[in-house]
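Please work from the sequences and hints to get the whole structure.
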Amino acid sequence: MSNEISKFSDPGLPEHIHRKSDSDPMAEKRAEQQVAILFLISALGTVLTIASYIFIKQGTFVYLPILGDVEASQLFLGLGLTISLIFIGFGAVQWARRLMPDTEVIAERHEFRSEEIDRKEFVETIKERAATAGLGRRSLIKRSLGLALGLIGLTPLVMLRDLGPLPKKALNETSWKSGTRLVTDPGNRPIRPEDLEVGSVAQVLPELPEGTERTLENIGTDAVLLIRLRPTEFNLDAKRLSWTHNGIIAFSKICSHMGCAVALYEQQTKHLLCPCHQSTFDVTRAAKVIFGPAARPLPQLAISVDSQGYLVATQGFTEPIGPSFWERSS
Amino acid sequence: MKLSLGRLSSYRRHKLAAPALMIIALLSIGTTFSIASALPSTSKMEATAQSTMIDEGKQIFARGCSSCHGLNAEGSSIAPALVGVGAAAVDFQVGTGRMPMADMSQQAMRKKPVYNAEQTAALAAYVASLAPGPDSVNDAQLTWERDGNTAKGGELFRTNCAMCHNFAAQGGALTQGKYAPTLMGVEAKYIYEAMITGPQSMPKFTDKTITPAEKLSIIKYIKAAQSEPALGGASLGRVGPVTEGLLVWTLGLGLLIGIAVWLASKAR
Amino acid sequence: MKKSEKIAGNVANYVDERTGAAKWLKKNLTKVFPDHWSFMLGEICLYSFIILLLSGTFLTFWFDPSQREVIYNGSYAPLSHVTMSASYASTLHISFDVRGGLLMRQIHHWAALIFMAAMIAHLMRIFFTGAFRKPREANWLIGVGLVTLGIVEGFLGYSLPDDLLSGTGIRIAEAILQAIPVVGSYLAFFAFGGQFPGHVFIPRIYTVHVLLLPGIFLALITIHLMLVWYQKHTQYPGPGRTEKNVVGYPLMPVYMAKAGGFFFIVFGVTAFLGAVASINPIWLYGPYTPGQISAGSQPDFYMGWLDGLVRMAPPLETHAFGHTISWNILLPGLIVPGILFTGMALYPFIEAWITGDKREHHLLDRPRNAPNRTAIGAMSLAFILVVLINGGNDIIATHFHLTINGIMWFTRIGIFVIPPLVFVATKRICLSLQRADREIVLHGRETGRLVMLPHGEFIEVHEELSPEKKFTLTQHEQNLPLAVPNTDSLGVRNPQGIKGKLRARMSQANAEQVPAPSESEAKALEGGHH
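Protein chains in written order, with numbering that gives the first Met the number 0: chain A, 0 to 329; chain B, 0 to 267; chain C, 0 to 529.
What the hints contain is simulated information worked out from the structure, not anything from laboratory work.
Glycine included, C-beta positions come from ideal geometry on N, C-alpha and C.
Incorrect hints may have been included.
Sample of chain C residues facing chain A (criterion: CB under 10 Å; computed from the structure) [what the hints assert, rightly or not]:
(1) His35
(2) Pro64
(3) Glu68
(4) Arg98
(5) Thr167
(6) Pro180
(7) Trp326
(8) Asp393
(9) Glu445
Within a straight-line C-alpha distance of at most 25 Å, the following computed PhoX-like cross-link-like pairs (lysine-lysine) qualify [to be verified]:
(10) Lys287/A - Lys238/A
(11) Lys6/A - Lys243/C
(12) Lys6/A - Lys498/C
Following this line, the structure appears as C-alpha cells:
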C-alpha cells in the first residue's frame with residue numbers, strides 16, 4: 000500500500016486557454032458569420048429538397064462517375080435533405096465550440112446511499128405500514144392473492160391459443176401421391192424421361208387437380224428437384240435404386256436442415272449445395288450429407304412413368320420433408 | 000389461359016394423339032426433305048465446305064486439344080470425352096476462352112479466346128461430326144429483345160439460376176472453391192449455349208423443361224438486370240446485406256465518430 | 000422589457016404556477032456533461048431511434064402489411080404482372096411510385112443499421128471503460144435488453160417487404176421455432192397461423208414491429224436516460240477529475256447546442272447514405288416463394304453472426320423414442336446465443352463478485368488498467384468476428400478466391416482457438432502498455448534528440464512529463480487480489496469450497512498488473528540521475 004500514499008498528486012484542472020474569439024472581436028465576428036453561413040447553407044438545402052420534389056420527375060437519370068446512371072429525383076431529394084439537416088447540426092455545434100463559454104465547470108457528486116437515519120426511518124415506515132395492513136399476519140390473504148396473481152398470468156397464454164391450428168399431421172404431409180405427375184416450375188408442363196438429358200435438372204411441382212390453385216404452402220412442402228445422371232453413376236441400395244427411373248432421381252428441394260430451397264446442383268461432382276448454410280448432399284448416394292450442418296439426407300421421391308410416358312410419383316414421400324421437429328420419429 | 004392449357008393437355012391424352020402426332024411429324028420431315036433436295040447444288044457446295052471445315056477442325060483439335068481430350072476426343076483421366084457434346088459446347092468453351100485451359104485449376108475461367116471465330120467454328124464442326132449434339136446458337140435464334148418477357152424471365156431465373164448466380168446474376172460460391180461466374184456482360188449466345196450444354200459445374204436445362212422461348216426470357220431478364228441503372232444509389236455490388244454491413248461500420252459509423260471527435264474537440 | 004420577453008415570462012409563469020417546474024429546471028439547466036467523442040455513441044443510438052420513428056411513420060402511410068396475393072402493375076417494369084403479396088407490391092409502390100419513398104425506405108434501413116452498429120459500439124465503450132460498475136449495473140442490463148430487442152426489431156423490420164431474401168430468413172426463423180423440443184411445431188403453427196408461410200405472419204409481425212417493440216424501446220430508453228441524468232455521467236480520469244465530481248460543460252447552452260446539433264448531423268449522415276447508397280433493393284430479390292433461393296442469402300450484419308454459427312454447427316440430431324432433437328439448430332440458434340447474452344448481462348455482477356468491490360465508480364478505467372476485463376472483451380469480440388466471417392463465407396470466398404469449405408473449417412477450429420489466443424495476447428498487450436506508462440512517467444518521453452556527454456558518450460534526451468500527464472497515467476487503483484482464507488477459524492480447510500477457490504483464482508488473475516510508479520520512486524530515480 001506504500002505507493003497508494005505517495006501517489007502523484009492531482010494538479011487540478013489545467014488552466015483555461017482562451018480561444019481567439021474570446022479575446023479578438025474580429026475573430027468573434029468571423030465565428031458569428033461562419034455559423035450564420037452554415038445555417039444559410041441548410042436553408043439552401045431545403046430549397047433544393049423542395050425543388051427536387053416538385054421539378055424532378057421519377058425515372059429521370061443523371062450520369063455520375065463511379066455510380067453510373069443514378070435516379071435523379073431520389074438523389075437530389077436525398078442530397079437536399081442531407082444538406083438541410085447536416086448544416087443545421089454543423090452550425091449549432093460550431094456556435095457551441097466557437098462562441099459559447101468553453102470553460103469547464105465542476106459539479107459535485109454525492110453518494111447515492113441515503114443517510115443512515117433516513118434508511119432506518121424508511122424501514123420503520125415500511126414495517127409500520129405493512130403492519131396496519133396486516134401483511135405480516137394474514138397469511139390466508141397473502142396466499143390466496145399469490146394464487147390469483149399466479150393464475151392470471153395464464154389468461155394471455157390461453158387466449159393466444161387461437162393464433163393457429165394444431166399441427167396434427169400437417170408437417171408429415173405433402174401433395175405428392177401415387178400417380179401424381181411431375182410438372183415444371185414455372186410452366187406446369189408434364190415431363191417425359193426423354194425430356195431430360197444426362198446432366199440436366201428440372202425444378203418440379205406436383206400436378207394439381209384441375210381447378211385447384213397452387214398456394215405458397217404447397218410449394219413450401221412440394222418443391223422437388225429432378226436430376227438425370229447415368230444410371231451407372233448411382234451408388235444406391237436396391238430400394239432407392241427402384242425409386243429412380245432411367246437415371247432420373249427426385250429429391251425434396253426443401254432443406255432437411257432449415258427449409259431453404261436446396262437447388263444448387265453441381266453437375267460434375269453430383270453434389271447439391273444449400274446456399275443458406277452450405278450443407279452439401281451427394282446425389283449419387285441418395286443425398287447423403289457430406290458437409291455442413293444438415294443431419295439428414297434430403298427425402299427422395301419415388302418416381303416412374305405413367306401409361307402416357309410422363310413422369311409420376313409412385314408414392315408420396317415416405318418421411319416428413321423439411322426441417323426437423325419434436326414429433327418427427329426418424 | 001389456365002382453361003385452354005387444360006384443354007390442350009386433355010387432347011394430348013387422347014388415344015389418337017400419338018398416331019396423329021406421328022403422321023404430322025412424318026409429313027413435315029418429308030416436306031423439308033423434298034425442299035432440301037430441290038436445291039441440290041447449294042447443298043452440295045455446303046457439304047464440301049462443311050467437310051473442309053471438319054478437316055481443319057480436326058487438325059486444330061489434334062494440335063490444341065488432343066493432349067487432354069484424346070486424339071479422337073474420347074477423353075482421358077484429366078478431361079471429359081467430347082463425343083456428342085455438340086457444336087454448342089465447343090462454341091461456348093472455346094469462344095469464351097475457357098478452353099484450352101491455361102492450367103489445371105479447379106475451374107476454367109473466362110479469358111481472351113485462343114482461337115478466332117473461324118477456327119472455333121471449325122473445331123465445333125469437327126466435334127459435331129463425331130456424334131450429334133446441340134448445335135451452336137446463331138444470332139437469328141437470339142430474338143430475346145423481341146420475344147423475351149422480362150418478368151417471366153425473372154421468375155424462371157429465380158427458380159432455376161439465382162441459387163448459383165445470385166438474384167442479380169452477380170455470381171456466387173459453389174463448393175471447394177468452384178464458383179458460378181457473374182453473368183454481367185456475357186453475350187446472349189453464350190448464356191443460351193451454357194443453358195443447353197451445361198458447362199463444368201452447371202447442369203443442363205433442356206428445351207422441354209425450359210422452352211427456347213423461356214430461355215430467351217431468361218436472357219432478357221439478365222440483360223435487364225445488367226442495364227438497370229442505380230435506382231437507389233451505389234449498388235454495393237448487388238450481393239446482399241454483407242456489403243451494406245461493411246459500409247455502415249466504415250463509412251456510416253466512421254463519419255459519425257469523426258464528426259463526434261470534432262464536436263468534442265476544443266476550438267482554438 | 001421587450002415584448003418577446005414579456006410573452007416568454009407569461010408562459011413560464013403559467014407553467015410554473017401549475018407545475019412548480021422552475022425550481023427543478025433551474026437546477027438542471029446547469030447540469031454538467033463531460034465532453035468526449037466516445038460519449039456521443041449513445042447519442043447516435045438515441046438519434047437514429049428517433050430517425051427510425053419518423054421515417055418508419057412515413058413508410059406506414061403506404062405500406063400494406065398483407066400477404067394477400069396481388070398482381071403487380073406499378074412502374075417497375077421487370078416485375079410487371081408478377082403475382083406477389085400486397086406487402087411486397089406496396090413496398091415496390093413506395094419505392095417507385097411515391098416521391099421520396101425509396102429515399103425514406105433507404106433512410107429507414109440505414110438508420111436501423113446505424114442504430115445497431117452504434118448500440119454495439121456504445122456497449123463496447125461501456126464495457127472497456129468499466130462504466131457498468133456500481134451504481135450503473137441496472138443501466139447495463141437495460142442496455143443489453145435494448146441490443147437484444149434491437150436484433151429482433153431489425154429482423155422483423157426487414158422481413159416485412161416479403162421479398163425472396165427476407166422470406167428465406169423467415170423460413171429459417173420458422174425452422175428454429177419448430178426445432179424447440181416438445182412445443183416447437185405448436186409454436187410454429189401458432190406463429191404462422193398454420194403451415195408456413197401462411198397469410199397471417201406479416202400482419203402480425205407488423206404490429207409487433209411498429210407498435211409493441213417501439214413502445215418497449217421508448218420505455219426502456221426513457222429509463223436508461225433518466226438513470227444517466229440522475230446518476231450523472233461518468234468521466235475519464237485526468238487532472239481535476241475525481242470520483243466525487245463531474246467536470247464538463249453545462250446543459251444550457253453548450254451541451255444543448257452540441258447534442259441538438261448532433262441530432263441533425265446524425266440525421267444528415269443517414270440521409271446522405273440513403274441518397275447515395277442502395278440498401279435492401281427488394282425489387283431485385285423478387286417476391287418470396289419457398290421454392291426459390293438466391294446465392295449468398297445472408298441476413299443483416301447484426302444477425303450475421305447467428306447465421307455464421309448455424310453454418311458451422313455440427314450435423315447433430317438425436318432420434319429417440321419417436322422424437323427428434325435438432326442440436327444442429329438448437330445449439331447455434333438458441334443455446335450458444337443464450338449463453339453469450341446471459342454472460343454479457345451478468346458480467347457486472349460477476350466482476351463485482353470476483354473483485355469484492357462494493358464502492359461506487361464514476362471515474363472510468365483506461366482499458367489497459369483493467370487487463371483482465373479488456374482481454375475478456377477482446378476475446379468476446381474475436382468470437383463474434385470469427386462467426387461473422389463464417390456468416391459471409393460465400394461472399395468472402397468469391398471475392399478473395401477462397402473456398403467456402405476452407406473458410407468453414409477455419410472458423411470451426413478458429414472458434415475454439417482464436418478467442419483464447421486473443422485473450423492472452425490482449426492481456427499481455429495491456430500489461431506492456433502499463434509498463435510503457437510506468438517507463439514514461441519515471442524516465443520521461445524520448446525526444447529523439449541525441450546529446451554527447453563530455454566524456455564522449457551519447458545519450459538521448461528524455462523530456463519530463465507534465466504533472467497533469469503524470470497524474471493521468473498513475474491515478475488508477477492498484478488491484479489487490481481478494482484474500483480468500485485457506486482455513487476458517489475452526490480449522491476447516493478451504494471453507495468456501497470450490498466456489499471460494501475459483502473466486503480466489505479469478506481474483507488473482509484479475510489483479511495482475513504492473514505497479515503504477517509512485518512519486519517516491521520518481522524522486523529516488525531523480526536522485527540517481529543527478
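Verification of the hints:
{"no.": "1", "hint": "His35", "verdict": "violated (12 Å)"}
{"no.": "2", "hint": "Pro64", "verdict": "violated (16 Å)"}
{"no.": "3", "hint": "Glu68", "verdict": "holds (9 Å)"}
{"no.": "4", "hint": "Arg98", "verdict": "holds (6 Å)"}
{"no.": "5", "hint": "Thr167", "verdict": "holds (6 Å)"}
{"no.": "6", "hint": "Pro180", "verdict": "holds (5 Å)"}
{"no.": "7", "hint": "Trp326", "verdict": "holds (8 Å)"}
{"no.": "8", "hint": "Asp393", "verdict": "holds (7 Å)"}
{"no.": "9", "hint": "Glu445", "verdict": "violated (20 Å)"}
{"no.": "10", "hint": "Lys287/A - Lys238/A", "verdict": "holds (15 Å)"}
{"no.": "11", "hint": "Lys6/A - Lys243/C", "verdict": "holds (18 Å)"}
{"no.": "12", "hint": "Lys6/A - Lys498/C", "verdict": "violated (35 Å)"}
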